[in-house]
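Enquirer: Sequence:
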Amino acid sequence: MTPHPFALGTAAVLLVASGAGGAALATHLLEPTTPASTSTSAVAPAPTAPRTAPYLRRQASSPAATAQEVGDATAEQSTGIVQITAILTGGTSAGTGLVLDPDGTVVTNQHVVEGARLIEVTVVTTGETYAARYVGGDATADVAVLRLDGASGLTPVDLSDDPVGVGDEITSVGDAGGDGGALTAATGTVTALHDDITVEGADGTGGPLTDLIRLDAYVVPGDSGGAVLDEDGEVVGMNVAASRDPREATGYAIPIATVEAVVELIGIRLDG
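Here the sequence shown stands for residues -22 to -1, 1 to 250, numbered as in mature numbering (1 follows the signal peptide of the UniProt record, and there is no 0).
Note that these hints are calculated values from the structure, not bench results. Among these hints, one or two may not hold up.
[Claimed, not checked] What follows is a list of derived Cβ distance ranges for each label pair:
| id | residue 1 | residue 2 | range |
| --- | --- | --- | --- |
| 1 | E54 | R111 | 39 to 45 Å |
| 2 | T104 | D157 | 38 to 44 Å |
| 3 | G68 | G159 | 22 to 28 Å |
| 4 | D223 | T133 | 35 to 41 Å |
Just so it is clear, the structure is predicted and the values come from calculations on it, not from any experiment. Think of the CB as a built atom: it goes at the ideal place given N, C-alpha and C, for glycine as much as any other residue.
Work out the full structure, taking the sequences as your base and the hints as a guide.
Expert: Encoded structure:
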């Protein structure tokens, strides 16, 4: 039987930063709502970006299948990917990010850098490390924009102009474990579009993440802010959350159109 497209479901999924930044729990799928802001005093988010274009309605397939493969990312899959360490008052948070232009504009999840006093970013393909500053973002969309100090000549990721569809093959790339080692590539397929999940933070606060891509690829702590690649190696989404049960291969990603909308809303123009 095909599930109702907006039926309530149950799931236990975690935001997938490693360390203090990842201590938030998404407890269940929910019907679409108007999300409340979850901004912090440490970094002020920009006004909320448009959340619908180019997606119009939720689509889903049958329950997720088993992920196909997990291994080290290739050099090509690692191009334009960075590893992020955020120094917080109570510890550290590790995640992944995407280079958007040669001058060091990087996007990641807001929860990776939430409350950070210091942010360091390492470009995977070169090994160079930069100090980064928070430029702006949207806490409701869980997208943050960083600028690398003194960066130039970086190779950005290739962003897809086309949204993914249910059943499309994808590869999720990120710093699994947040250890700063080789990136991990996990293959799978898109199992749903426009999924909404509720997030509960370690401090008891919470709120929704909406209009997500659901994947049957393994996404784990450290993968936050990493790339979801299509069959052409172009970025169609940004990792944000995954199943809490390690036996399940269910990940969630923010559509790259949403990420681009946030970047443009805070005044950064991307070529092409």
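Enquirer: The structure should be examined with respect to each hint, and the outcome stated for every one.
Expert: Status of the hints after comparison with the structure:
| no. | hint | in the structure |
| --- | --- | --- |
| 1 | E54 - R111: 39 to 45 Å | violated, 29 Å |
| 2 | T104 - D157: 38 to 44 Å | violated, 19 Å |
| 3 | G68 - G159: 22 to 28 Å | holds, 25 Å |
| 4 | D223 - T133: 35 to 41 Å | holds, 36 Å |
The earlier numbered hints that this structure contradicts are 1, 2.
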